[in-house]
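Top to bottom, those sequences are chains E and C. Its first residue numbered 1, the first sequence is counted upward by one per residue in my numbering. Its first residue numbered 170, the second sequence is counted upward by one per residue in my numbering.
Watch out, some of these pointers could steer you wrong.
Here are the in silico distance ranges between beta carbons for each label pair [stated by the list, open to error]:
(1) C:T230 <-> E:H145: 26 to 34 Å
(2) E:S22 <-> C:R368: 24 to 32 Å
(3) E:K111 <-> C:G370: 26 to 34 Å
(4) E:V112 <-> C:H251: 52 to 60 Å
(5) C:N186 <-> E:Q148: 41 to 49 Å
In silico contact screen, one side only, chain E against chain C (beta carbon under 10 Å); selected entries [unchecked claim]:
(6) P14
(7) E67
(8) R74
(9) Q77
(10) S83
(11) N153
(12) M154
(13) L156
Simulated from the structure, these hints should not be mistaken for lab results. For glycine and all other residues, C-beta sits at the position ideal for the given N, C-alpha and C.
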Amino acid sequence: MEAVWEDMALTELPSWVTEVPSDWGTASRGKLSANNWQVICTIHLPITLIRLWGMDGAPEVRKRQLENFMDLVRAVQMANLCSISKKEIKLYEDYILRYVTTFKSLYKLAKVKPIHHAALHYGNVLRGFGPAHTHSAAFYERYIHSMQSKNHNMKLGPYFECNSGDMLY
Amino acid sequence: MHSSAREANLKALLSDNSEVRSRVGDLADVYKAVLAEDVRGTRLAHMVDAVHLTEQEPDFTYDATRLRESNLPNDVLASFVHFLKEVDQGAMGFTDDRSDGTTSPKVITMNKFSFRGVEYSTASCRTRNSHILFRSPGSANPLDSGQIIYIFFKSQVPTARSIAALGQPHHPPIYVCVQPYVTLQTNPQFSGMDQMYRRFGFAGGFLCWREVALPVVIKPSSIISHVTVTPLQIGEHQMLHILPMDRVRFIFV
């Protein structure tokens, strides 16, 4: 973790990429947002892990763990393309299948969770509904956040007008 | 969402199936043009790189109140002249705007601009937005990375060629001066180290030396995306790790 934090401190991200808390992964920092995890997994971890585990002299198990992790990173990147073709969907499926298969053999004690199962079917979702931005939860997440920031009294009832002038139902 | 999904399906069908494409004929081009219309201002057309189909002028904005007149340093001026003569063929007619046939170093500079909805700036203005991946016309590499040091345009002197070009861009042609990072691939001794990252394609990025080459001048349209830059020490060597942040389809290996 120290190595990741050290590299993170030196990394210059474009202004449109949200910076991740410098102490992520500690109990004091607590939970991270989905966006934070995406930045960590697709930017910060590849930079450090390839340097540490991708070298010629690195232990074999670390190399396999790196390959496994990078399959996940590539699958996530493919799944988030703004436009996608059948060829790229096939690539996504290859990466995610290899990730889940190798994950099972590398981490014997880890459980395969529903999210792994869902990820294996996401190729079909991309085939049926197109790129992720057409059906992703980002918009709804922002909307929920906006709703959560409003004051309320936990009582259902007719609509009322809050201070900002917005109508709530 | 329904129409969006149908659009995506049809687009994939047109792109993957040559028989369908041949049957629909010209309709495919018309459909592409309609699809590329950014009527909602969502920048989707830019995201899928289809903007050139409907917009004659790229989406380029800058703050006109922050322009400054200044002189280009000699090395940047030399790159600029080279760019105009070799790449841009002196299209706007100001390669030799002085009586002795040389190019004046006087230019109008800006600190930042927005292109396709993404802000790029010079290293001195906002370092985070100054690291880019770009196509360099004279380079041996398909894509280079570097840092923007100047953004400028020449004050326009109307010439026959520039008048002929009227109706194309509404703003003067903008030039971006970039200091490219020196790639490791030129040295076979270190290419293995670089390969450690490159073998993961767009997800792994690549390595460069922690030094810059001679500045090059490019047009904003040659910019591919922002990159993240991380100084790394690998063994005894000081390097930079470069990771493209967007439009990763250009970086497939």
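Hint by hint, here is what the structure shows:
{"no.": "1", "hint": "C:T230 <-> E:H145: 26 to 34 Å", "in the structure": "holds (29 Å)"}
{"no.": "2", "hint": "E:S22 <-> C:R368: 24 to 32 Å", "in the structure": "holds (30 Å)"}
{"no.": "3", "hint": "E:K111 <-> C:G370: 26 to 34 Å", "in the structure": "holds (30 Å)"}
{"no.": "4", "hint": "E:V112 <-> C:H251: 52 to 60 Å", "in the structure": "holds (58 Å)"}
{"no.": "5", "hint": "C:N186 <-> E:Q148: 41 to 49 Å", "in the structure": "holds (45 Å)"}
{"no.": "6", "hint": "P14", "in the structure": "holds (4 Å)"}
{"no.": "7", "hint": "E67", "in the structure": "holds (9 Å)"}
{"no.": "8", "hint": "R74", "in the structure": "holds (5 Å)"}
{"no.": "9", "hint": "Q77", "in the structure": "holds (6 Å)"}
{"no.": "10", "hint": "S83", "in the structure": "holds (4 Å)"}
{"no.": "11", "hint": "N153", "in the structure": "violated (33 Å)"}
{"no.": "12", "hint": "M154", "in the structure": "violated (31 Å)"}
{"no.": "13", "hint": "L156", "in the structure": "violated (28 Å)"}
Violated hints for the displayed structure, listed by number in ascending order: 11, 12 and 13.
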